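A.B. asks: As a plain string of letters, each chain reads:
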Amino acid sequence: MPYDLSPESILRIESLAQRVRVSPQHDEEVRRELVSHLQDQLQGYLSGQQKVSEPDALLLVERHFGDTAAVAAGLQDVHAPAQGWLRRLAGVTIVTAISHVPWIAMYLWLGSDKMLGSYMKSSNGDSFQLLLLCVLIAWGVLYRWNRLEDRGRAPWFARWRGRTVAIVAAAGVLAYLVPQLILFLRSPPISLQGTFAALHRLAWAASASGSEDSYPIWIAEGVIWIWWLNHGAASLGKSVARIALAIIAWYAFVIVRSGGPDVHPLGPLIAYLLFGWILLPPRVQSSRLAEQA
Amino acid sequence: MRPSKELIGASTNLLVLAALARRPSYGYEIVRRINEAAGGVFTWQEGTIYPLLHKLQKDRLVSAQWREAENGRKRKYYTVTPRGRSALQQHVSHWHQFHEMIVGLTGAAHAVRPVT
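If you're matching them up, the sequences are chains Y and P in order.
For the first sequence, the numbering used here gives the first residue as 1, with consecutive numbering after it.
For the second sequence, the numbering used here gives the first residue as 1001, with consecutive numbering after it.
You may find that some hints are simply not true.
Pairs of lysine-lysine, DSS-like flavour, derived with a Cα cap of 30 Å [stated by the list, open to error]:
1. Y:K238 / P:K1074
2. P:K1055 / P:K1074
3. P:K1005 / P:K1058
4. P:K1058 / P:K1074
5. P:K1058 / Y:K238
6. P:K1074 / Y:K51
7. P:K1055 / P:K1005
I should point out that these hints are in silico values taken from the structure, not numbers from a laboratory.
All values reported here derive from a predicted model rather than from experimental measurement.
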């Protein structure tokens, strides 16, 4: 009978079950199920032919239950929300926003002269390479997430709640938008001194990161947005809609980041149609879709 | 000799569906029955059953319901759905085909004798 268990054992079982965190909407159900399992298991050891004490039986329960982190990860994979287009859009926004941080940090640290050569004339080689690295990192993260999804695993990003995703994505956009607005909407222009100096420099850094000199990089970035949003599109119609969404959203992000359009919106589409299918082929069906089929 | 992890991994759905096909059951009992049937060939860590059961439930191969057991404790019972039974039959059929193929191949391999 479960009521024979000591309060200490029940507490320990509860604590063990609570280590398995899945998501706020599943945690309670999982906890109840695991507590029931662990109590059965403990009862099993206590009523077995070979007599063991309750503390020893608890140790056996813990050992034979296995790694709670692995169980939690397995359940998180199962209950991860599907990566619809909205979540994908938020994901690529967050990754792109974060991927520029190294470049902006270098700009703020070294100053515009060292990062861009003589003021905004042409970016120097190091600056271009750093930008290229930022975009490659973004692509690497998204590529890994797609691979995980194809294997039926959920990337950590997919485990976030919808609200968290929306807040983080909005924060990523605002981090670029607010300095730009302060820089361009304030009249007369703010000075480089005083309260707004840091925001002013930040806005210039973001703006400079999207300068025309890095045109090929922005085209590549747009291609990545198209590729990521198009991944898993189940039909041609959906694929076209997602590509259109990717171009519009990416272009809007470029304007927010750079304070103006420095690149043609159709550039990535042309590049994607010419080379994207070869370099970054979209998977029409992820393994999950295939399983459902 | 213990079978490889890959072999066990490939047969997990089949094992769980087969265990549930006889009668509805709950996580602890399913693991116990499978471990008993394995006869020491392998032993599942008990917690690993839950991601499997939840995946099967998500794929609608099993359904779940909380029920009160004789001892008063509530347990989550899993039942194979018609879709699950169909999937089980398919799994079993594939395993039979695979088994016959391996027997055929290894039989042929045994028949080969080195030329002296």
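A.B. asks: Holds or violated: K1055 of chain P with K1005 of chain P, Cα cutoff 30 Å?
C.D. replies: This hinted pair holds, its Cα atoms lying about 19 Å apart.
A.B. asks: Between K1058 of chain P and K238 of chain Y, is the straight-line Cα distance small enough, at 30 Å or below?
C.D. replies: holds, 25 Å
A.B. asks: For a C-alpha distance cap of 30 Å, please report whether K1074 of chain P and K51 of chain Y respect it.
C.D. replies: holds, 26 Å
A.B. asks: Keeping to a limit of 30 Å between CA atoms, is the pair of K238 of chain Y and K1074 of chain P held or broken?
C.D. replies: violated, 45 Å
A.B. asks: Please verify whether K1005 of chain P and K1058 of chain P have alpha carbons no more than 30 Å apart.
C.D. replies: The given pair, whose Cα atoms are some 24 Å apart, holds under the 30 Å limit.
A.B. asks: Between K1055 of chain P and K1074 of chain P, does the CA-CA distance stay at or below 30 Å?
C.D. replies: Given pair K1055 of chain P, K1074 of chain P holds - Cα atoms ~21 Å apart, limit 30 Å.
A.B. asks: Check the hint pairing K1058 of chain P with K1074 of chain P against an upper bound of 30 Å on the C-alpha distance.
C.D. replies: Measuring from Cα to Cα gives roughly 21 Å; hence the hint holds.
Of the numbered hints listed earlier, the single one contradicted by the structure is hint 1.
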